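S.K.: As a plain string of letters, each chain reads:
2 protein chains.
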Amino acid sequence: MVIVSFMPEGKRVEAKIGESLLEVARRAGIDIIGPCNGKALCGKCMVKIIVGSDSISDLTSDEKIVLSSKKLNEGYRLSCRCKIVRENAISVFVPGESRLGEYVVSVEGEVFEERFDSVVQKVNVTLPAKVWGALDEVVSSLSVPKRFNLHALQKLSRIADVGIEKKLSLITYNDEIIDVRENCRPLGFAVDVGTTKVVGYLVDLMSGKTLSTVSDINPQIAYGEDVVSRLDYALKEGVKALQEKIISCINKLINTACDTTGSDVEDVYEVVAVGNTVMHHFLLCLEPKRLAYFPYTPTTREPLCVMAKSVGIRANAEARLFMPPLIAGYIGSDVVADIIATNMQEDADAAILVDVGTNTEIVVKKDGKFVACSTASGPAFEGAHITYGMRATIGAIYRIEVMANGEVSYSVIGNVKPRGMTGSAVVDLVAGLFTTGLMDKSGRLNTNVGTRRIRMNDRNYPEFVVEYKENTAIGEDIVLTQKDIREIQLAKAAIRTGMNILMKKLQVDVSEAERLYVAGTFGFFLNPISAKIIGLYPNIDLSKIRIVGNAAGAGARAMLLSKTLRDVACNVAKKIEYVELAAEPEFQKEFLEAIPMPETCAI
Amino acid sequence: MVIVSFMPEGKRVEAKIGESLLEVARRAGIDIIGPCNGKALCGKCMVKIIVGSDSISDLTSDEKIVLSSKKLNEGYRLSCRCKIVRENAISVFVPGESRLGEYVVSVEGEVFEERFDSVVQKVNVTLPAKVWGALDEVVSSLSVPKRFNLHALQKLSRIADVGIEKKLSLITYNDEIIDVRENCRPLGFAVDVGTTKVVGYLVDLMSGKTLSTVSDINPQIAYGEDVVSRLDYALKEGVKALQEKIISCINKLINTACDTTGSDVEDVYEVVAVGNTVMHHFLLCLEPKRLAYFPYTPTTREPLCVMAKSVGIRANAEARLFMPPLIAGYIGSDVVADIIATNMQEDADAAILVDVGTNTEIVVKKDGKFVACSTASGPAFEGAHITYGMRATIGAIYRIEVMANGEVSYSVIGNVKPRGMTGSAVVDLVAGLFTTGLMDKSGRLNTNVGTRRIRMNDRNYPEFVVEYKENTAIGEDIVLTQKDIREIQLAKAAIRTGMNILMKKLQVDVSEAERLYVAGTFGFFLNPISAKIIGLYPNIDLSKIRIVGNAAGAGARAMLLSKTLRDVACNVAKKIEYVELAAEPEFQKEFLEAIPMPETCAI
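Chains as they are written, first to last, in the numbering used here: chain A, 1470 to 2072; chain B, 1470 to 2072.
Hints are computed from structural coordinates only; laboratory data are not their basis.
From a predicted model like this one, the values you see are computed outputs, not experimental measurements.
It is possible that part of the hints are untrue.
Put simply, identical chains are the same to the list, so a pair is met inside one copy or across any two.
As the list claims (entries may be wrong) - Calculated cross-link-like contacts (lysine-lysine; reagent style DSBU-like; alpha-carbon spacing at most 35 Å):
1. 1721 / 1838
2. 2044 / 1709
3. 1974 / 1599
4. 1517 / 2032
5. 1938 / 1705
6. 1591 / 2043
7. 1480 / 1517
8. 1709 / 1599
9. 1709 / 1636
10. 1599 / 2044
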């Protein structure tokens, strides 16, 4: 065994030869970013070996491709490619930019520490050799005055030998004793079921610590990339197959998390799952017929607590599955989890929460009142419907700066020749074109300025050349077309319309809003300055913006660890007034007004 | 189809050609005795055809053997042998002696009619074509303000088509909606799990009517005839096999009851099972280790409500199993059910309940206080340990009268040459010997009186000849030995000791007791006059004795049909103080005093 220390925390963890530093770090609860999941594509899991570099495998060609020469010179490595090869002490520095947790953890910190009261509890008791009366009465009188359920009685009757003193661990869930163990460290599993990605957290319910973070692609992707095509499938073929896919994914994640931490699946007593309403219905095998048609009625919005095994989740036989409440057909429990993770409900002043995606959910809060809406912002921000748009994988330009002279500087994932642009890069670019005057307020490219990069395409529409084919990996120019700009404008207008209508509902002026919480992956990578410039975010002071990353996952963990926060979530969900944007009379007017670039923008 | 009317109730029921009158009667809820279950052995299921005898199959040779010539001359038939052969109206008279229900029904009558409030309820609702908000909220607002469980939500999501008005039946269990059906008649199944026999009742939970009574031998008999040998098996091999046996028996009974009444197993939403503590533990797969050793600690005494499928019962997937509370290791929920069936808890005056068996349970009640005990009366009353004792099957003498001249007159089951005597016949005989002076107070046969029937056996002990070998079916004399009398004395002394100690605990004098409830099969067939004469029952006025038959089954049905009575049962069970006879200082003295015949006995 080797001891690996992670800096600057100084966290020490045991590791074995052959393990990668990424695996070890995750086991230690160090939340290293790794969108590519150890495939050396994204270059995000950088670390620096401080002590014991000769105990780590040599620099790989992968790393040379993905890391910039500057980072390589500074001694950075990809933790997914650093295997332990020798049994010597190792010390590793994890920079802030490699941590997904940087933002999230600070949010969690506030919330968790004071409110750690998990529903699952463990109570130790010594059963004396001789007892009178019924066994369960004796045990309750020595420990907690709670009732045993049948499973716990069966275990008690097996474990409690006649005439022998016995140490028992009682596992309780709310007012019930659900299991009797000879020893046990009760665990919980929080899972954020995204349409694309499923992220799970294995949590020690006694310490509150996250033991392991695991993720996988949502295998329902076999039935369609987006929610709409999966709904189509479910309507035709029934929801069962979709349920089986997500359940098997969750089971795999639980197994992986337990395996990597040396935990026993038997010790997992509760699973908390959040997701959008469609994911929620699929997971519970609720036919989503009505979710496909206006007014998008869910079967239920109530929080549900069921036996985990009743939906096929394999954990302890008595494990429960808690599904936090939903808000509407297009606002799911992931948004409730976002709210809990940000602690938004306790903000004294007005606050706004936005989770940008193909559907963007928005919540506005003031004086204890909540309004929420969902808006079909479309997939432009994920790179779709943009001529050279792509997902954030190797070869994607993920950041662009437009110079005053009309030239550009950009960064590519993997530090290779570019293949396209991520949605956040496109937002950077549109913002840059506007601030440099290459694009006017209405979004039209200015063909009269002196830059070679603005040109007319063969159908006589203007376009902006980001990179010429000599320098791209695709043998053609990477450009931003006038149509692409229009797509971005429509997407941001949809979001701003939602925000504006909600703010008007609660009479919140942007100057009153003390916080803009930006949840979700896209928002995490999006430059908030660019977002403000194009008017995707309102004109709010940068210091008031909190980028909270995967707040849904953090909120799910919070609800797993805290009965209080679970109750808070249920109360907040009941309070939230859902606004159906399409039914709002001023929708059309607001939308048209939100298309141009904003007049003023204080950076 | 034929219409069969049963008299004197005048109950009319449809029947098919080929059905036996016993089957038809049971379907009609006419509770005809049939210990042999349609095998034409017991001769108990007698009926008289009033109208339409030519529509019934001819007299069989079975009937000629089993029925007395007197009954045959009066036109009695065995209902199990009367098949419907022609489609004509039929009218059948069911005499009181053919009805197990005679006693039980009168008890049930009082209890059920005013307190019929089953836990399972059905609520009809019409879901409009178009709904806003969540489906479950809409349905609740139109019907009952109860929460849907996951299964009900899944059903609701499947049944409720978009844009179509729909009639739904909601099935509720306590505060929860557990199922959604398009139409359904919710049923329940009450079962009395005896060590030897399992009796089940299929009940319509909307009307409260018993649709079918079914019974079978407890298949655990493969692991031992009595509780002690089955406990032995469970201690060595584990309780699982014993659980599986009883569950498969219950499943078979549910199927049979549903098949014979054209009901659907899917419609069974609750099962209530009563039994002694060992049967209770076996059914729930609770290891009975401690039940085998003093102080006979059960794992629990609490009432339990679990998913029926969690123990393997096959009914509706959401069906519940309710297990009423226990009182002690040797006093089970069958005794609680006895109390509920007799309504003893509401008697204004003192009352006694006794359920005679290998273990006899006794409950004494006064001023709202209850005491109970169990006493090992042994199997003498079931015919075991008696030289010519036997169970109540064909060839058993079941009633004996001793004449003043020392001669005897007796009745044999099946009206054949006798093979032995039932326990109740032995009690008759001992009582007769005492009242005619052939036996003295101490139980000694009087060899000085002038009857040929008292003689010395080859080991020079006196014995009484009941029948000489010329008239028996076994080629030898049927006798009652001095040792047999002693067995009966020990058995009845055990019971009386229990009663006396309990009565002293509550300071109940026998003159105060307003009721003696006699529950169970043995007590049903026992002549209460004989029982009083030998001192098995205390010296209580005959009019105060209530022979309640299978009160445990009736009590189980009562708890199935009434939430109120279920609550009453739980409260009563908590109130009952268990008395461990062996730990009572006066036990030995009381026991010795109870062995002789009583001084006085007012008949």
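S.K.: When Cα atoms must be at most 35 Å apart, do residue 1709 and residue 1636 count as within-copy, between-copy, both, or neither?
M.R.: between (43 Å within a copy, 25 Å between copies)
S.K.: Tell me, please, which holds for residue 1591 and residue 2043 at an alpha-carbon limit of 35 Å: within, between, both or neither?
M.R.: both (31 Å within a copy, 28 Å between copies)
S.K.: Using 35 Å as the alpha-carbon threshold, which applies to residue 1709 and residue 1599: within, between, both, or neither?
M.R.: between (51 Å within a copy, 25 Å between copies)
S.K.: Are the CA atoms of residue 1721 and residue 1838 at most 35 Å apart within a copy, between copies, both, or neither?
M.R.: neither (40 Å within a copy, 58 Å between copies)
S.K.: Under a CA distance limit of 35 Å, which applies to residue 1480 and residue 1517: within one copy, between copies, both, or neither?
M.R.: Within one copy, since 15 Å is at most 35 Å while 91 Å is not.
S.K.: Given identical chains, is residue 1974 near residue 1599, meaning Cα to Cα at most 35 Å, within a copy, between copies, both, or neither?
M.R.: between (67 Å within a copy, 27 Å between copies)
S.K.: Using 35 Å as the alpha-carbon threshold, which applies to residue 2044 and residue 1709: within, between, both, or neither?
M.R.: within (32 Å within a copy, 50 Å between copies)
S.K.: Is it within a copy, between copies, both, or neither that the alpha carbon of residue 1517 lies no farther than 35 Å from that of residue 2032?
M.R.: Neither: 39 Å inside a copy, 69 Å across copies.
S.K.: Is it within a copy, between copies, both, or neither that the alpha carbon of residue 1599 lies no farther than 35 Å from that of residue 2044?
M.R.: between (53 Å within a copy, 24 Å between copies)
S.K.: What label fits residue 1938 with residue 1705 when the C-alpha limit is 35 Å: within, between, both, or neither?
M.R.: neither (45 Å within a copy, 81 Å between copies)
Comparing the model with each earlier hint shows violations of hints 1, 4 and 5; every other hint is respected.
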